[in-house]
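Q: Residues per chain are reported as follows:
Protein chains: 2
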Amino acid sequence: MQEMIRVAVDAMGGDYAPAEMVKGVIDAVTLRQDIKVYLVGRKDAVEKELKKRSYSGSQIEVIHAEEVIETAEPPVMAIRKKKQSSIVMGMNMVKEKKADAFVSAGSSGAILVGGQVIVGRIKGVERPPLAPLIPTEKGVSLLIDCGANVDARASHLVQFAKMGSIYMENVLGVKNPKVAIVNIGAEEEKGNALVKETFPLLKNCPDVNFVGSIEAREIPHGQADVIVCEAFVGNVILKLYEGLSGTLVGVIKQGMMQSLKSKIGALLVKPSLKKTLKTFDATEYGGAPLLGLNGLVVKTHGSAKAKEVTNSIIQCVTFKEQEINEKIRKNIGTSPMEE
Amino acid sequence: MQEMIRVAVDAMGGDYAPAEMVKGVIDAVTLRQDIKVYLVGRKDAVEKELKKRSYSGSQIEVIHAEEVIETAEPPVMAIRKKKQSSIVMGMNMVKEKKADAFVSAGSSGAILVGGQVIVGRIKGVERPPLAPLIPTEKGVSLLIDCGANVDARASHLVQFAKMGSIYMENVLGVKNPKVAIVNIGAEEEKGNALVKETFPLLKNCPDVNFVGSIEAREIPHGQADVIVCEAFVGNVILKLYEGLSGTLVGVIKQGMMQSLKSKIGALLVKPSLKKTLKTFDATEYGGAPLLGLNGLVVKTHGSAKAKEVTNSIIQCVTFKEQEINEKIRKNIGTSPMEE
Numbered sequence: 015m016q017e018m019i020r021v022a023v024d025a026m027g028g029d030y031a032p033a034e035m036v037k038g039v040i041d042a043v044t045l046r047q048d049i050k051v052y053l054v055g056r057k058d059a060v061e062k063e064l065k066k067r068s069y070s071g072s073q074i075e076v077i078h079a080e081e082v083i084e085t086a087e088p089p090v091m092a093i094r095k096k097k098q099s100s101i102v103m104g105m106n107m108v109k110e111k112k113a114d115a116f117v118s119a120g121s122s123g124a125i126l127v128g129g130q131v132i133v134g135r136i137k138g139v140e141r142p143p144l145a146p147l148i149p150t151e152k153g154v155s156l157l158i159d160c161g162a163n164v165d166a167r168a169s170h171l172v173q174f175a176k177m178g179s180i181y182m183e184n185v186l187g188v189k190n191p192k193v194a195i196v197n198i199g200a201e202e203e204k205g206n207a208l209v210k211e212t213f214p215l216l217k218n219c220p221d222v223n224f225v226g227s228i229e230a231r232e233i234p235h236g237q238a239d240v241i242v243c244e245a246f247v248g249n250v251i252l253k254l255y256e257g258l259s260g261t262l263v264g265v266i267k268q269g270m271m272q273s274l275k276s277k278i279g280a281l282l283v284k285p286s287l288k289k290t291l292k293t294f295d296a297t298e299y300g301g302a303p304l305l306g307l308n309g310l311v312v313k314t315h316g317s318a319k320a321k322e323v324t325n326s327i328i329q330c331v332t333f334k335e336q337e338i339n340e341k342i343r344k345n346i347g348t349s350p351m352e353e
Numbered sequence: 015m016q017e018m019i020r021v022a023v024d025a026m027g028g029d030y031a032p033a034e035m036v037k038g039v040i041d042a043v044t045l046r047q048d049i050k051v052y053l054v055g056r057k058d059a060v061e062k063e064l065k066k067r068s069y070s071g072s073q074i075e076v077i078h079a080e081e082v083i084e085t086a087e088p089p090v091m092a093i094r095k096k097k098q099s100s101i102v103m104g105m106n107m108v109k110e111k112k113a114d115a116f117v118s119a120g121s122s123g124a125i126l127v128g129g130q131v132i133v134g135r136i137k138g139v140e141r142p143p144l145a146p147l148i149p150t151e152k153g154v155s156l157l158i159d160c161g162a163n164v165d166a167r168a169s170h171l172v173q174f175a176k177m178g179s180i181y182m183e184n185v186l187g188v189k190n191p192k193v194a195i196v197n198i199g200a201e202e203e204k205g206n207a208l209v210k211e212t213f214p215l216l217k218n219c220p221d222v223n224f225v226g227s228i229e230a231r232e233i234p235h236g237q238a239d240v241i242v243c244e245a246f247v248g249n250v251i252l253k254l255y256e257g258l259s260g261t262l263v264g265v266i267k268q269g270m271m272q273s274l275k276s277k278i279g280a281l282l283v284k285p286s287l288k289k290t291l292k293t294f295d296a297t298e299y300g301g302a303p304l305l306g307l308n309g310l311v312v313k314t315h316g317s318a319k320a321k322e323v324t325n326s327i328i329q330c331v332t333f334k335e336q337e338i339n340e341k342i343r344k345n346i347g348t349s350p351m352e353e
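The listed protein sequences derive, respectively, from chains C and A. Here our numbering is used: the first residue of the first sequence is 15, the next is one more, and so on. Here our numbering is used: the first residue of the second sequence is 15, the next is one more, and so on.
Next up, chain C with everything else stripped away, as it sits in the complex (with noise of 0.2 Å):
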């Protein structure tokens, strides 16, 4: 028999639970046959969305969870206290191994802290980075670290580095990904201390395709499949890759209702403009691991819907197969910088 691969998901977390998270889950296991899905969460609320689909009913179970953590918690505080939250019982189902993977739409204060806190960290790994996909004009770069972490030191950014490449080169099959540091020109001697620390620990790292300085300017153009920088750089970039995103097309979209002229070009550009932005939609690419945990925490956007919640436990799989952890066990274990 095949092995399964088991995710549990957070049915209460993000903007439209349950109903997409259900709707996703739902979807995923009739794409795959392998998956088994644990659906976390307030039981008569998930069970009322299960109940307007056909699905296969040995692919799915859910757990009753009778807390929800909201998203304005202080989120170490949420941790400890609300253990019967789809969050913390979730990350518990990993810890103790019952499940692979666990995937959550909810604060992303909550998931960070409750992948240190309760699924732990892989010994040797200095800090688990956020790491999402962010659309690029020829494919997707992994932004390392997003998270919560800030005030980073050199010696963190060589590990993101490397669980990055890990990653990029399994899970998204890119062969020996290119590896940059973010920077504010493209010469070795400019940026802040810890660039300038780290660019030779980078240069000098035999695990890594260190290509050098990217600036800002040149993230969307695709030129490295690695983005390394510490949590407050990384979210500054993610967040204004979104907003700008959304508002450039929003503008684009109220600049084609002024005139009844413009109104029927609109209607003419509205597919083949619709396919192109796609490439440029997140959430095609399902959510943001948290590398480095004993097991696997995928936070998807608040905003996520049935597709990328889908998308996210596709990602699991592919994560599990791939054994990134036991691939980053190795590197981080025999990495010169941890003996």
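These are computed hints drawn from the structure, not numbers from a lab. Beta carbons are placed, not taken as given, at the ideal position from N, Cα and C, and that holds for glycine.
Far from chain C by the CB rule (all over 12 Å, computed), these chain A residues:
1. ASP48
2. ARG56
3. GLU61
4. SER68
5. SER70
6. GLY71
7. GLN73
8. ARG94
9. LYS95
10. LYS112
11. TYR299
12. LYS319
13. LYS334
14. GLU340
Derived coverage of chain A by chain C (criterion: at least 3 residues anywhere in the stretch with Cβ under 8 Å from a Cβ of chain C; other residues may be distant):
15. 225-231
16. 251-261
17. 273-283
Given chain C, put chain A in place with the hints provided.
A: Relative to the frame of chain C, chain A by itself:
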């Protein structure tokens, strides 16, 4: 007789120098009779461009500068060695009060170094920030600092907030400008060490209308007039803004060219779209001032064309008329932090 505003313009800096610089200068003096421009650069090249058009001869004077600082040159060395360069000569004119302002599309590094070393800081100003205007849904915001001075301290950021407020209020005419600090969450307890230290200082600063944190996602929505950050983060925001806008517009154009139907549509939407996207074009708003100097230095984009040069020169007039430097001197001088 009306007092003339004297602006030295680097005729040799930028991708389209000297042609577009000269064109921009001629447009500026044609628009306003109270401007006198010193075109600093290679006399033969500049005069060749000047001969192509007619203009008020008394308003433009060519100052011969034998040397040119190239973009790739190490800035400190270039400023020290190339005494006959257009940048060094133009800045010396500001220092010696022979010009009120200097506008250049040349090497950012050399302009930032030259501003500090040649023109010099206003007494009490710890660091002169580079403060470009970025387009938003509502108009523009001042992004301060995008310069070369990374690893800033909290006291620097407070000064940026003050100088930025004075600039937005007096040059852009924004009453009681809203000041926000770039952060990775809206709550006061979020952020890196620098932001956490700066937040209460801004909150308690009587000269600043501080509205709290701004996430990068919100920047394009124009919810703050002055956006305070340290230079590394500012540089990332500015360059990603430019890069992503360009990429998205390119992707959209490409999308519109995919079929005959969409091509016809593109022709129909083009006029309306062009007008809308213009509001998102940074070159409409002139260059970025380097604030807090004993005189004004304005850095335009390297890719600046005539229009941006003209707008930057007009910007210098408002700066002088509104006595921005006197206001900065007074405000920073009386700051409790400086005593």
